[in-house]
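Take the sequences, apply the hints, and build the full model.
These protein sequence lines are chains A and B, in that order.
If you count by this note's numbering, then the first sequence holds residues 1 to 113, one letter each, in order.
If you count by this note's numbering, then the second sequence holds residues 1001 to 1111, one letter each, in order.
There could be a bad hint or two in this list.
These stretches of chain A come out as covered by chain B in the derived footprint (C-beta under 8 Å, 3 or more residues) [said to hold, decoys possible]:
#1 68-82
#2 101-107
Mimicking DSS-like on lysine-lysine, the simulated pairs with C-alpha atoms at most 30 Å apart in a straight line are [what the hints assert, rightly or not]:
#3 A/57 <-> B/1103
#4 A/70 <-> A/57
#5 A/83 <-> A/57
#6 A/9 <-> B/1103
#7 B/1081 <-> B/1103
#8 A/9 <-> A/70
#9 A/9 <-> B/1081
#10 A/57 <-> A/71
#11 A/83 <-> B/1081
#12 A/71 <-> A/9
#13 A/83 <-> A/9
#14 A/14 <-> A/83
Just so you know, these hints were derived from the structure itself, not from any lab.
Virtual Cβ for every residue (Gly too), placed ideally from N, Cα, C.
Take a look at the letters that make up each chain.
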Amino acid sequence: DGGITQSPKYLFRKEGQNVTLSCEQNLNHDAMYWYRQDPGQGLRLIYYSQIVNDFQKGDIAEGYSVSREKKESFPLTVTSAQKNPTAFYLCASSMGRMNTEAFFGQGTRLTVV
Amino acid sequence: GQSLEQPSEVTAVEGAIVQINCTYQTSGFYGLSWYQQHDGGAPTFLSYNGLDGLEETGRFSSFLSRSDSYGYLLLQELQMKDSASYFCAVRPVSGNTPLVFGKGTRLSVIA
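Set out below in structure tokens:
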């Protein structure tokens, strides 16, 4: 079955440590995205990539980094510079920028203690 | 810039009809999408309006009026499993920005 997979589902880290969230898709989608969701809030865009080896900052990129070395993979690193990293992180993909339907992974809930 | 406004919460009775509104301020976009998200889960695509008018998919319908900068999602014959958050989203034409989401409407279906 085609889909988008995020791992792990729950992640705990100590303050000051970097952590990398995995996102893999086998939908052959060109575009991939990372969103952050806080309780009772909408989805805020962190980074997105429309093609391999290229990515752009979203609205809240500070304290985060990404890479897009393969079409299938778009990992997100939450660095120690991110002041409030505890949140629910959602990865998504779509056929391309013009496409209006995005497919989401099940999310990673990151808790920094 | 783009901004989408939705009511934060709506409560409706099982079997009833509920309408979730989305008003927006954006310079131009390809269409209005709706997503459903259950607690702790992933948002899933529900519907898309590229043109003005009503789109129907089973119990769900979605409407867009570009002249009024307004759209809505209509849920009929409400079921308890429809309790979830619903997000409207647009993909702007200008710039290189992907989907922009509203803050979501939490729908509670009660017996």
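The hints, checked one at a time:
1. Here's how the stretch 68-82 of chain A fares: 0 of its residues keep a CB closer than 8 Å to some CB of chain B, so the rule of at least three is not met and the hint is violated.
2. Figure legend: the stretch 101-107 of chain A, annotated as covered by chain B; annotation consistent (7 residues with Cβ-Cβ distances under 8 Å, at least 3 required).
3. Pair hint residue 57 of chain A plus residue 1103 of chain B holds up; C-alpha atoms about 20 Å apart against a cutoff of 30 Å.
4. Taking the CA atoms of residue 70 of chain A and residue 57 of chain A, the gap is near 18 Å; set against the 30 Å cutoff, the hint holds.
5. A C-alpha spacing of about 17 Å is found between residue 83 of chain A and residue 57 of chain A, which places the hinted pair at or below 30 Å, so the restraint holds.
6. With a C-alpha separation of about 23 Å, the suggested pair residue 9 of chain A and residue 1103 of chain B falls inside the 30 Å cut-off, and the hint holds.
7. The suggested pairing of residue 1081 of chain B with residue 1103 of chain B holds, with an alpha-carbon distance near 21 Å, which does not exceed 30 Å.
8. Of the pairs offered as hints, the one joining residue 9 of chain A and residue 70 of chain A holds, with about 22 Å between alpha carbons and a cut-off of 30 Å not exceeded.
9. The suggested pairing of residue 9 of chain A with residue 1081 of chain B holds, with an alpha-carbon distance near 23 Å, which does not exceed 30 Å.
10. Using a Cα cut-off of 30 Å, the hinted pair residue 57 of chain A and residue 71 of chain A holds, with the two alpha carbons roughly 18 Å apart.
11. Under the criterion of a C-alpha separation no larger than 30 Å, the hint pairing residue 83 of chain A with residue 1081 of chain B is inconsistent with the structure, at around 36 Å.
12. Only pairs whose Cα atoms come within 30 Å are accepted, and residue 71 of chain A paired with residue 9 of chain A is accepted, the gap being roughly 22 Å.
13. Distance restraint check for residue 83 of chain A and residue 9 of chain A: the Cα-Cα separation of roughly 22 Å lies within the 30 Å cut-off, and the hinted pair is therefore satisfied.
14. A threshold of 30 Å between alpha carbons decides the hint, and for residue 14 of chain A with residue 83 of chain A the separation of about 13 Å falls inside it, so the pair holds.
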